[in-house]
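*Asks:* Produce the complete structure using the sequences and hints provided.
Number of protein chains: 4
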Amino acid sequence: MRSLEELKLSLRKFAEERDWDQFHSPKNLSMALAGEAGELLEQFQWLTEDQSKNLTDQQLLAVADEIADVQLYLIRLSDKLGLDILAECTRKIAINADKYPIEKSKGKSDKYTNI
Amino acid sequence: MRSLEELKLSLRKFAEERDWDQFHSPKNLSMALAGEAGELLEQFQWLTEDQSKNLTDQQLLAVADEIADVQLYLIRLSDKLGLDILAECTRKIAINADKYPIEKSKGKSDKYTNI
Amino acid sequence: MRSLEELKLSLRKFAEERDWDQFHSPKNLSMALAGEAGELLEQFQWLTEDQSKNLTDQQLLAVADEIADVQLYLIRLSDKLGLDILAECTRKIAINADKYPIEKSKGKSDKYTNI
Amino acid sequence: MRSLEELKLSLRKFAEERDWDQFHSPKNLSMALAGEAGELLEQFQWLTEDQSKNLTDQQLLAVADEIADVQLYLIRLSDKLGLDILAECTRKIAINADKYPIEKSKGKSDKYTNI
Chain B
0 MRSLEELKLS LRKFAEERDW DQFHSPKNLS MALAGEAGEL LEQFQWLTED
50 QSKNLTDQQL LAVADEIADV QLYLIRLSDK LGLDILAECT RKIAINADKY
100 PIEKSKGKSD KYTNI
Chain L
0 MRSLEELKLS LRKFAEERDW DQFHSPKNLS MALAGEAGEL LEQFQWLTED
50 QSKNLTDQQL LAVADEIADV QLYLIRLSDK LGLDILAECT RKIAINADKY
100 PIEKSKGKSD KYTNI
Chain X
0 MRSLEELKLS LRKFAEERDW DQFHSPKNLS MALAGEAGEL LEQFQWLTED
50 QSKNLTDQQL LAVADEIADV QLYLIRLSDK LGLDILAECT RKIAINADKY
100 PIEKSKGKSD KYTNI
Chain U
0 MRSLEELKLS LRKFAEERDW DQFHSPKNLS MALAGEAGEL LEQFQWLTED
50 QSKNLTDQQL LAVADEIADV QLYLIRLSDK LGLDILAECT RKIAINADKY
100 PIEKSKGKSD KYTNI
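Protein chains in written order, with numbering that gives the first Met the number 0: chain B, 0 to 114; chain L, 0 to 114; chain X, 0 to 114; chain U, 0 to 114.
There are no misleading hints in this set.
Copies of one chain are not kept apart here, so a pair can be met inside one copy or by any two copies together.
Taking lysine to any residue and the SDA-like style, the derived pairs with C-alpha atoms no more than 20 angstroms apart in a straight line are:
id, residue 1, residue 2
1, Lys-12, Asp-78
2, Lys-79, Leu-60
3, Lys-91, Asp-78
4, Lys-7, Ala-86
5, Lys-79, Leu-8
6, Lys-12, Ser-2
7, Lys-7, Leu-85
8, Lys-7, Thr-89
9, Lys-7, Ala-93
10, Lys-107, Glu-48
11, Lys-12, Lys-98
12, Lys-91, Leu-8
13, Lys-7, Asp-83
14, Lys-107, Gln-21
15, Lys-91, Arg-1
16, Lys-103, Ala-14
17, Lys-91, Phe-13
18, Lys-91, Ala-14
19, Lys-91, Glu-15
20, Lys-91, Ser-104
21, Lys-105, Gln-21
22, Lys-52, Glu-15
In short, the hints are calculated from the structure, not lab data.
*Replies:* So this is what it looks like as C-alpha cells:
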C-alpha cells in the first residue's frame with residue numbers, strides 16, 4: 000500500500016470482517032501499541048549501540064515486524080479518534096522547532112523529546 | 000507535510016542541524032519510542048473504555064501530541080535502519096491475514112496481535 | 000525467598016555464574032524491565048476492566064510470570080545502581096502523601112501518578 | 000517501611016482514604032506500571048551504557064523516583080490479584096535456572112529474558 004490512508008482503510012476492513020471493533024477502544028489500542036513498542040525494545044535490549052546500527056538480516060526482519068506492528072496500531076488508534084497522523088506530525092514538528100532552537104540545542108540531548 | 004517520506008526528510012534535516020545524529024542509534028530510538036508509547040498510555044490509564052471513546056478536546060490534543068511523538072520516532076528509527084515503513088506494513092498485513100482467517104477469528108480476541 | 004534482599008543476592012549469583020554482568024548496564028536493564036512491563040500489558044489489553052478482576056487460573060499464572068519478571072529486573076537494576084528499593088518506596092510514599100492530600104484527592108484520578 | 004508486605008498495607012490504606020479503588024482495576028494498574036516503566040526508560044535513553052553506570056546525583060534521584068513508582072504499582076497490582084510477589088519471584092527464578100543452564104548460557108545474551 001502506498002500511504003497511511005490506504006493502510007487505514009485496509010485495517011478498517013480487516014477489523015470489520017473479523018468483528019474486532021468491539022475490542023478496539025482507544026484505551027485498548029494504546030495498550031496494544033505499547034505492548035508492540037515493548038517487543039521492539041526487546042530486539043535491542045542486549046545489543047550495544049554499535050550492534051544496533053549493524054543488524055544481521057534476521058535481526059532486521061524481526062525489528063521490521065515490530066515496527067510494522069507499532070505503525071498498524073498507531074494508524075488504527077488514530078482512525079478511531081478521528082485524527083490525521085500526518086497533520087499531527089506536521090503540527091508537532093513545528094512545536095519542536097520552537098522548543099529546540101538550533102543554536103541552543105546543538106549537540107545536546109534533552110532528556111525527554113529529542114526529535 | 001503530505002507523506003511519511005516528507006516527514007522523514009524533515010526529521011533528517013532537523014537532527015542534522017542540531018547535531019543529534021550522535022544520539023540516534025536504533026537502540027536509543029527504540030527507547031525513545033517506547034517512552035512516548037508510555038506517555039500515550041498515561042493519557043488513557045484511568046479512563047474507562049467508554050471515556051476513551053469520548054475524549055474532551057483537551058484530552059484529544061494531549062493524545063494527538065503523543066501519537067505524533069510515537070510516529071516521529073518510528074519514522075526516524077526506520078530511516079536509520081533503511082526500512083520503508085509502508086512496505087513493511089503491507090507485508091505485515093498479509094502475514095496477519097494468513098494468521099487470522101476471517102472464519103476462525105470472528106469476534107475473538109487473540110492475546111497478542113489483534114490487528 | 001523471603002525478602003527483596005535475598006532475591007537480590009540470588010540474582011547476583013545467577014548473573015555471575017552465567018557471566019551476564021557484561022549485559023547488565025542500567026540502560027540495558029531499564030529496557031528489559033520495560034519489555035516485561037509490555038508483556039504484562041499484553042495480558043490485559045483485550046480484557047475489560049471487569050474481566051481483569053476475574054482472571055482464569057491460566058490467565059493469572061501468565062500475569063504472575065510477568066509480574067515476577069518485572070520485579071526481578073527491578074531488583075537487578077536497583078542493585079546495579081546501589082539503590083535500596085524499600086527505602087526509595089518509603090521516600091516516594093511520603094512525597095505522594097504530600098502531593099495528594101486526602102481531602103483534595105478523594106475520588107479523583109490524577110492523570111499521572113495515582114498511587 | 001521494611002518489607003513489601005508493609006508497603007502493600009500502606010498503599011491499601013492510601014487508596015482507601017482517597018477512594019481510589021474504583022480506578023485500580025488490574026487492567027488500569029498494568030497501564031500505570033508500564034507508563035512508569037516508560038518514564039524510567041526516558042532517564043536512560045540518550046545516555047551511553049557507560050554513562051548509565053555513572054549517574055550524577057541528580058540523575059540517580061530521578062531514576063530512584065521512577066524505580067519506586069514501578070515498585071509501588073507492582074505491589075498494588077499484585078495485591079489486587081491476590082499474588083505474593085516474593086513467592087512468584089522464587090518460582091520464576093527456578094524456572095529461569097532450568098531454562099538457562101550455566102554451561103549453555105555462559106556469556107551469551109538471550110533476546111528475551113536474561114535474568
